[in-house]
Amino acid sequence: MPIDFDQLLLTLVDETQENLADMDVALLTIDPDKPDIEKINQIFRIAHTIKGNSALFKLSSLKELMHTIETFLDEVRKGTKIIEKKQIELLLKISDGIRVILTQLQNKKTLNETLISDLKSSFEKSLQPSFETNLPSIKQKMEKRIQHSFLGWHISIRPKQNLFRNNLDIIPALKMLAEEVEFQNIDIIDRDLPPFETFDPLICYIGWEIDIIGDITKRRLLDILTWIIDEKDLVLTKITKEEITSATKPEIVAAQDIKRETPNTVRISTQKIDSLMNSVGELIIIESMLKQAIQKIDLKNIRVLDEPLNLLDSQFRYLQETVLRIRMVPIAFAINRFPRMVFEISNQIGKQVDFVIQGDQTEIDKNLIEKMTDPLLHIIRNAIDHGIESPEIREKIGKNKTGSLQFVAYQEKNNIIIEIKDDGPGIDPKKIKAKAIEKGLLDQNNHMTNEELYQFIFKPGFSTAETVTEYSGRGVGLDVVEKNIRSLGGTVQVHSILGKGTTFTLKLPLTLAIMESQLIRVQDQTFIIPLLNIIEMTTASDNISFENGKSYYLYKDQKIPIISLEKALHKIDESQNLKEKIIILVQTNYGIQALSCDELLIQQSIVIKTLEDNFCKIPGIIGATILGDGKIGLILDVNELVEIYHQPDICPAEVLQFFSRKFAFPHSEGEAKESYPKFSSEEISYELLCFALGNNEYAINMHDVQEINLSKDATKLPFTPPYLTGVINLRGSIIPVVDLRLFFNVKIPKSRERGIFIITKLEYKEKRKIIALVVDAITDTQSINRLDICPIPKAAQLLLRHYIQGLVYINERIITLLKVQRLVESAK
Amino acid sequence: MDLNMELEQASEKIVIHCEKKIDKDTVIDQQRLLFQALQYKKPIIIVGSALITLDTAGLQLLINFCKALTALEIPWKWENASTVLQEYAGLFGAETLLQLPKLEKP
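So the protein lines, in turn, are chains A and B.
Per the numbering used here, residue 1486 is the first one in the first sequence, and the count goes up by one each step.
Per the numbering used here, residue 5 is the first one in the second sequence, and the count goes up by one each step.
Derived from the structure by calculation, the hints contain no laboratory data.
Keep in mind that the hints are not guaranteed to be accurate.
[As the list claims (entries may be wrong)] No more than 27 Å apart at the CA atoms, straight line, and that leaves these computed lysine-lysine pairs for DSS-like:
hint, chain 1, residue 1, chain 2, residue 2
1, A, 1660, B, 71
2, A, 1886, A, 1918
3, A, 2252, A, 1594
4, A, 2052, A, 1968
5, A, 1906, A, 1776
6, B, 25, A, 1660
7, B, 25, A, 1645
8, A, 1578, A, 1548
9, A, 1610, A, 1593
10, B, 71, A, 1645
11, A, 2254, A, 2304
12, B, 24, A, 1660
13, A, 2246, A, 2116
14, A, 1519, A, 1570
15, A, 1856, A, 1916
[Stated by the list, open to error] Covered by chain B, according to a simulated footprint, are these stretches of chain A (three or more residues, beta-carbon under 8 Å):
hint, stretch
16, 1688-1702
17, 2082-2094
18, 2238-2245
[What the hints assert, rightly or not] Some, not all, of what chain B presents toward chain A, calculated at C-beta under 7 Å:
hint, residue
19, 28
20, 31
21, 35
22, 39
23, 59
24, 60
25, 72
26, 95
Virtual Cβ for every residue (Gly too), placed ideally from N, Cα, C.
Given these sequences and hints, build the entire structure.
Right, dumping it as structure tokens:
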């Protein structure tokens, strides 16, 4: 079976990353004066594994570096060399260097071999024998240290009789063991061998008794031996010098009683999981479609469907939970390099920080982990830099010289709560208020609670830091942090006590894939609000007031500003009939806000689909879902809606960049030169799909066409140009729809208003996007040679000539050949 | 691969030449031949110079054969044991059972 090297590389990269994280933790906790042999062994094994893997991928410089490290660590554990702080620091740097190489490998980029060879030279330099005069005393220390401790193992092996018939052989396992430790004594146990004439040579009758000397853990022994021998066929007995000298009976630890530290996990590619999740999502949609269809049926015995539907429902929930579990990983994966980072930053800025992690086994969706690592890192950097005082100041004010930084994670219902707490000076709300007034963000007479004031630190450019360091202080970090957390459907709150410390509390959904939500109707469109954000839902009735052109909802003696979703999303002013609306009170980063809509629909779990697979981010929208009727519901980002509500109606730059309309006149010099169509040298013949736009005929390369569909109503997107009529559901994928008639300003005939969809596959920023183009009708398919394509006449006044590849003349028809890829090229 | 057997008439010895491989694929046939050699009740010389592949099944076969020779009080010795045979015997504790000379450790 051929080896899939890409898959192997992926697996090895993942494995190496985990090993490097373990190595970092071990390095950070080694005391050079009293090195823990277990940790040295652990780092030795990691170096050995990386050496083996680098040989597999012909990374000779990395292999040599690992060999140098292995040799050094072997000397350390034998007591012939010591490990110093400089080697520990270099090993940490080497760990970083390997990560760089792994990223380059994964992205198929040119490897920076110089980086590795430089690190190797630095490491070898650090091993100069200046300290070897200390060897005798070090060796004595080492010998003394192991005098009263563990020496080795006695191993009893009694393999099963069917060992040979199972195509197993013990000799390779014993050879591997002999490479790692010294066999002090080895005896073959042959007492069970029957007489030669009657013995079956394919039955295993022999065993072994082995004494090994060496620092090897139970786990390592089992790793080596149990790939051939069953654990139940092994007995491991510790040998210690103390026990031997005192002649007490050594402790016998049967292999089956030893708890294996390595969990029984399997690596699953996230692609497979995503496919599985898509299937689960489709099943949920089908279920709700079934429910809707049944509601329309008028049968006498309709209640018989209750039970199967209930069973279907519980099965789906079970399947949903099971699949989610596969994707859940401990948050430790995101934060395993944080101790290292805290160590380095605090060293570099001369602070002492005690970093404690609690709840690192709290599980969270793997996709969420990848996206939240950076925001968490930034908050921690900020805390060390500005949240914790220097040791001198701390001592002066009666605090412990070492500051405390805690990372606490726990699950609360369907959310993960992360608290990052420091015991620094806290945030002065007066300074925040003064800065906010200075920046024009706050009126002097405006009264806000401290929690509301702290939210200003997430504004772009807002920083009360007296000094700017390389880590923080410019006010460009926390706003990005807040934006990132929000894009994940989460919130971030700050609580601080002056003189005592600050706590950042992040609340995130456990998974990005499925969300508990409230469906609402705004005009004729269904939108979704995450239940996570909702405080209360009520009718507006008489609790509305108007002041200075703004409307407010009275809630517990507070005037809450109302955001009209009709106005925000459909640009309709509804202030006249606001009292008939439904009010939804939501918690945002700007405090409680009131959203008004036309109707409350059901609450349900929804499968979140991103718009960015085939389009780009839309302001105020987190993503979308496919509803029971097959239509698309847009999921609202309540925080972003608050921000953009009062902004003028502009189309976001990202959307315009995606579908850029480039205008050019033929009489400009540059255009004249470009009037000849350009071809790739490989394209000799074309298959064309011809279609009508108004009175003219156009064509696109069949290569860019995925399929042709009857058109259907698209779900309108806010903040998009008119030619982008919305998004549709194409077999579970959400794809944008561009009406080429509107794009090219072609009059749409009434009889062909709906048009036909040509589903195209285009490349945008190195990713494949599926986009639906609306045309009047499909006319023809044609095969042509590239020589058949004529340039556009120079005199032709075509505003959108940028998209035209040339003209083709077939049977007295003039067909304009479009370069449809140019629809999505970013505007320069 | 079968073992070759040679009967030296002059000195009334049996000479057994081991071929390259003694492992689970060959042990059944080899056991039959070795058993035949035992029936002669004559001194046996085992030539092991060609042996390069030996697994646990092969090691077990040789150990049981040597035990049988000792039990039947048939004089026997090894001649030119291959490096692999000597190394394995030393590493896996079979030197005494096979009566191979001890390898000097490097």
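Has the given pair, residue 1578(A) with residue 1548(A), been kept, meaning a C-alpha gap of at most 27 Å? Cα-Cα ~16 Å, so holds.
Point to revise | Verdict on chain B covering the stretch 2238-2245 of chain A, where coverage means 3 or more residues with a C-beta closer than 8 Å | key: violated (count 0)
Starting from residue 1610(A), check that the Cα of residue 1593(A) is at most 27 Å away, please. 31 Å, violated
Q.
Holds or violated: residue 2252(A) and residue 1594(A), Cα atoms, limit 27 Å.
A. Distance ~18 Å between residue 2252(A) and residue 1594(A) Cα, so the pair holds.
Requested in this report: Take the C-alpha atoms of residue 2052(A) and residue 1968(A), compute the straight-line distance between them, and say whether it is at most 27 Å.
Outcome: OK: residue 2052(A) and residue 1968(A) at ~24 Å, within 27 Å.
Given residue 31(B) as an interface hint, is the shortest Cβ-Cβ distance to chain A below 7 Å?
-> 4 Å, holds
Go through the hint on residue 59(B) and say holds or violated, using the shortest Cβ distance to chain A against 7 Å. Since the shortest Cβ distance to chain A is 5 Å, the answer is holds.
With the threshold set at 27 Å, check whether the alpha-carbon distance from residue 1660(A) to residue 71(B) stays at or below it. Distance ~25 Å between residue 1660(A) and residue 71(B) Cα, so the pair holds.
Minimum Cβ distance from residue 60(B) to chain A below 7 Å?
-> 5 Å, holds
Exercise. Measure nothing beyond the straight line between the CA atoms of residue 25(B) and residue 1645(A); if it is 27 Å or shorter, mark the hint as holding.
Key: OK: residue 25(B) and residue 1645(A) at ~24 Å, within 27 Å.
**Item:** Proposed proximity, residue 2116(A) with residue 2246(A) (alpha carbon, max 27 Å)
**Value:** 22 Å, holds
Would you settle whether the hint for residue 28(B) is holds or violated, based on the nearest Cβ-Cβ distance to chain A being less than 7 Å? Holds - the Cβ of residue 28(B) comes within 7 Å of chain A, reaching about 5 Å at its closest.
In this structure, the earlier hints numbered 2, 5, 9, 15, 17, 18 are contradicted, and the remaining ones agree with it.
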